[in-house]
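Construct the entire structure; sequences and hints are all you get.
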Amino acid sequence: MSQVTYELKDSLEYASKGEKQPATFIEIVAPSFKQMGSFTPIKQALTAALSEVTEGLDVNPVDDKDPEPITGPQVMQLMHRGSGDMTKVMLHAQQLFKSGVALIDGEEKLTIPLMDSMSLRDFEGLLGEYVANFIVPSLMDGM
Amino acid sequence: MPTQLNDIIILVNNVQVAYTSDSLSWKDGFGEYSVRNAVVGGGQSEQVFSKDLASKFGMVKFSMPSTEDSEELKRAWKVNDNNNVVELVGPSGSNFAKVFTQASILSDPETSAATDGNIEIEFQSNPAQ
Chain A
1 MSQVTYELKD SLEYASKGEK QPATFIEIVA PSFKQMGSFT PIKQALTAAL
51 SEVTEGLDVN PVDDKDPEPI TGPQVMQLMH RGSGDMTKVM LHAQQLFKSG
101 VALIDGEEKL TIPLMDSMSL RDFEGLLGEY VANFIVPSLM DGM
Chain B
144 MPTQLNDIII LVNNVQVAYT SDSLSWKDGF GEYSVRNAVV GGGQSEQVFS
194 KDLASKFGMV KFSMPSTEDS EELKRAWKVN DNNNVVELVG PSGSNFAKVF
244 TQASILSDPE TSAATDGNIE IEFQSNPAQ
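Top to bottom, those sequences are chains A and B. Residue 119 in this note's numbering sits at position 119 of the first sequence, and the numbers go up by one each step. Converting from the second sequence to this note's numbering requires adding 143 to each position, the first position being numbered 1.
Hints are computed from structural coordinates only; laboratory data are not their basis. One or more hints might be untrue.
Claimed, not checked - Think about it this way: if two alpha-carbon atoms lie no more than 27 angstroms apart in a straight line, the pair counts; the simulated DSSO-like pairs of lysine-lysine are:
hint, chain 1, residue 1, chain 2, residue 2
1, A, K98, B, K170
2, A, K17, A, K88
3, A, K109, B, K217
4, B, K221, B, K204
5, A, K20, B, K170
6, A, K17, B, K170
Given below as structure tokens:
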């Protein structure tokens, strides 16, 4: 999967083709090595949260041959339950999204001023989708 | 206490612009108004008021330090014809905001390569929203 669409829940306006227009979705694409600096800290935060939450539990990933894929909201819930600093994770996510992996309505780059005007609900939703689709699968590689 | 508008954020096509201090100015685009008198007789006249609709253009003018980033932005805005959007946003806590749509750079902006050189930018646009 190289690209995924996140439907915005709250209103967000952006400039495109000389006009301001309402955005409906954000297209997110898989990261490349260019995004390593912001991608890796998010992956580490997820891994740490997973370890903390599953500590003491008898978890064996090979038990379930066809597990339900984890959703974006579940990922965010999991990461918030970990002891990692979610503020830093959000700031890394901001750097990640502005690097070109997120396009509003599939056409305009998501910039810092646009993220500043996004609702927190949508920003967290977007991050959740990103982690669920591009970071969780990279954790599963080789399991 | 009122605050002087001198700390405004400029966004062009969703991107924040670094500009030279105190260089920003704009026109909302009301256009030129004129009045003349019409004679009604008996030594009297009445005023005829008119708006010059042809001059209803918004304008945003500022200068940027001559850096590689600024030069890249200048070229991108120029070749984007009238497909630019310029937004002015007041500092945190302020309600000040203006949007200039279909903005274009009509002149050929000059870049000064001096130590304290600037790039002068002037957009013409639809009247401010």
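The hints, checked one at a time:
no., hint, in the structure
1, A/K98 to B/K170, "31 angstroms, violated"
2, A/K17 to A/K88, "34 angstroms, violated"
3, A/K109 to B/K217, "18 angstroms, holds"
4, B/K221 to B/K204, "14 angstroms, holds"
5, A/K20 to B/K170, "19 angstroms, holds"
6, A/K17 to B/K170, "22 angstroms, holds"
Taken one by one, the earlier hints fail for this structure at numbers 1, 2, listed in ascending order.
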